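**Q** As you go down the protein sequences, you meet chains A and R in turn. Take the first sequence: its letter number 67 is residue 67 in this note's numbering, and every next letter is one higher. Numbers in this note's numbering are just positions in the second sequence, counted from 1, shifted up by 114.
Worth double-checking, as some hints may not be accurate.
To be verified - Derived DSBU-like pairs: lysine-lysine, alpha-carbon spacing no greater than 30 Å straight-line: (1) 184/R / 170/R; (2) 116/R / 170/R; (3) 57/A / 9/A; (4) 57/A / 184/R; (5) 156/R / 9/A; (6) 116/R / 184/R; (7) 181/R / 57/A; (8) 116/R / 156/R; (9) 181/R / 170/R; (10) 156/R / 184/R; (11) 156/R / 170/R; (12) 116/R / 57/A; (13) 181/R / 116/R; (14) 156/R / 57/A.
What the hints assert, rightly or not - Cβ-to-Cβ under 10 Å is the rule here; a few derived chain R residues that face chain A: (15) 158; (16) 163; (17) 204; (18) 209.
Because the hints were derived from the structure by calculation, they are not lab data. Note that the structure is a prediction, hence the values are computed from the model and not measured. Just so it is clear, CB atoms sit at the ideal spot from N, CA and C, and this is done for glycine as well.
Here's the letter readout for the chains.
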Amino acid sequence: DSGVTQTPKHLITATGQRVTLRCSPRSGDLSVYWYQQSLDQGLQFLIQYYNGEERAKGNILERFSAQQFPDLHSELNLSSLELGDSALYFCASSVGGLAGDTQYFGPGTRLTVL
Amino acid sequence: QKEVEQDPGPLSVPEGAIVSLNCTYSNSAFQYFMWYRQYSRKGPELLMYTYSSGNKEDGRFTAQVDKSSKYISLFIRDSQPSDSATYLCAMSDAYGQNFVFGPGTRLSVLP
Chain A
1 DSGVTQTPKH LITATGQRVT LRCSPRSGDL SVYWYQQSLD QGLQFLIQYY
51 NGEERAKGNI LERFSAQQFP DLHSELNLSS LELGDSALYF CASSVGGLAG
101 DTQYFGPGTR LTVL
Chain R
115 QKEVEQDPGP LSVPEGAIVS LNCTYSNSAF QYFMWYRQYS RKGPELLMYT
165 YSSGNKEDGR FTAQVDKSSK YISLFIRDSQ PSDSATYLCA MSDAYGQNFV
215 FGPGTRLSVL P
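Can you build the whole structure from these sequences, using the hints too?
**A** If you want it as structure tokens, here you go:
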């Protein structure tokens, strides 16, 4: 158990809908990362937050947004969902959010868009 | 050309074999190199982490980085069935602004 929690574990929804994925980092970690893992694209970095501020942005679509709250939990919002958004979404956390910091991954949220 | 290339496998070896997993990359700005292990339906977990070129050993695992060739390797000695998983290489620049994973190699260690 990495200490990172993600809810829900599974989510099934329809195209065009909007969903919110939630992540609670390990105790003491200030940085949160979001990743998308699909069969054809592998693990893709989406976005990183550090202590409530956006620090780095990867291949995140405009339909997706995220935020980190004062209690350090984070939410990833996915809107206007398409079939291709079906994937595993992982959250990871690290202490300082620096390049060499170890990232600890949560168990993931499996999103299925029908 | 993808930024990070990795043979997807699957790779099947007998128990006790030495396993060699490799990644090549194209971005010379990468400074941090990592290997993650991912069991089916679980989140990746960090195995090894190396900064710049060189070797690092931790138990049965050895990571090598050759920045001149843009090539990194993970060696697993005395492989065990419990090592059966997907192995992902990952790398980032010095600022952590560009964090990229390889597609992963699926390894099966047969008893």
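**Q** Next, verify each hint and record whether it holds.
**A** Hint-by-hint comparison with the structure:
1. Pair hint residue 184/R plus residue 170/R holds up; C-alpha atoms about 17 Å apart against a cutoff of 30 Å.
2. For the hint linking residue 116/R to residue 170/R, the alpha-carbon distance of about 26 Å falls within 30 Å, and the restraint holds.
3. For the proposed pair residue 57/A and residue 9/A, the alpha carbon gap of about 24 Å is at most 30 Å, so the pair holds.
4. Only pairs whose Cα atoms come within 30 Å are accepted, and residue 57/A paired with residue 184/R is accepted, the gap being roughly 24 Å.
5. Taking the CA atoms of residue 156/R and residue 9/A, the gap is about 11 Å. The hint holds against a cut of 30 Å.
6. The straight-line distance between the Cα atoms of residue 116/R and residue 184/R is roughly 13 Å, inside the 30 Å bound, and the hint therefore holds.
7. Our distance criterion of 30 Å between C-alpha atoms is met by residue 181/R and residue 57/A, whose separation comes to about 25 Å.
8. For the given pair, residue 116/R sits about 25 Å from residue 156/R by alpha-carbon distance, which is consistent with the 30 Å threshold.
9. Pair hint residue 181/R plus residue 170/R holds up; C-alpha atoms about 14 Å apart against a cutoff of 30 Å.
10. Between residue 156/R and residue 184/R the alpha-carbon distance is near 29 Å, which keeps this suggested pair within the 30 Å criterion.
11. Of the supplied pair hints, the one linking residue 156/R and residue 170/R holds, its CA atoms being roughly 26 Å apart against a limit of 30 Å.
12. Note on residue 116/R and residue 57/A: the hinted pairing holds, with a Cα-Cα distance of about 19 Å set against a maximum of 30 Å.
13. For the given pair, residue 181/R sits about 17 Å from residue 116/R by alpha-carbon distance, which is consistent with the 30 Å threshold.
14. Our distance criterion of 30 Å between C-alpha atoms is met by residue 156/R and residue 57/A, whose separation comes to about 24 Å.
15. Satisfaction of the interface hint for residue 158/R is found here, the shortest Cβ-Cβ separation to chain A being roughly 5 Å, below the 10 Å cut-off.
16. Evaluation of the residue 163/R hint against chain A yields a held restraint, the C-beta minimum of about 7 Å falling below 10 Å.
17. Checking residue 204/R against chain A by beta carbon gives a least distance of about 8 Å; that is within 10 Å, so the hint holds.
18. Because the closest C-beta pair between residue 209/R and chain A is about 6 Å apart, less than 10 Å, the hint holds.
Of the hints listed earlier, there is not a single one the structure fails to meet.
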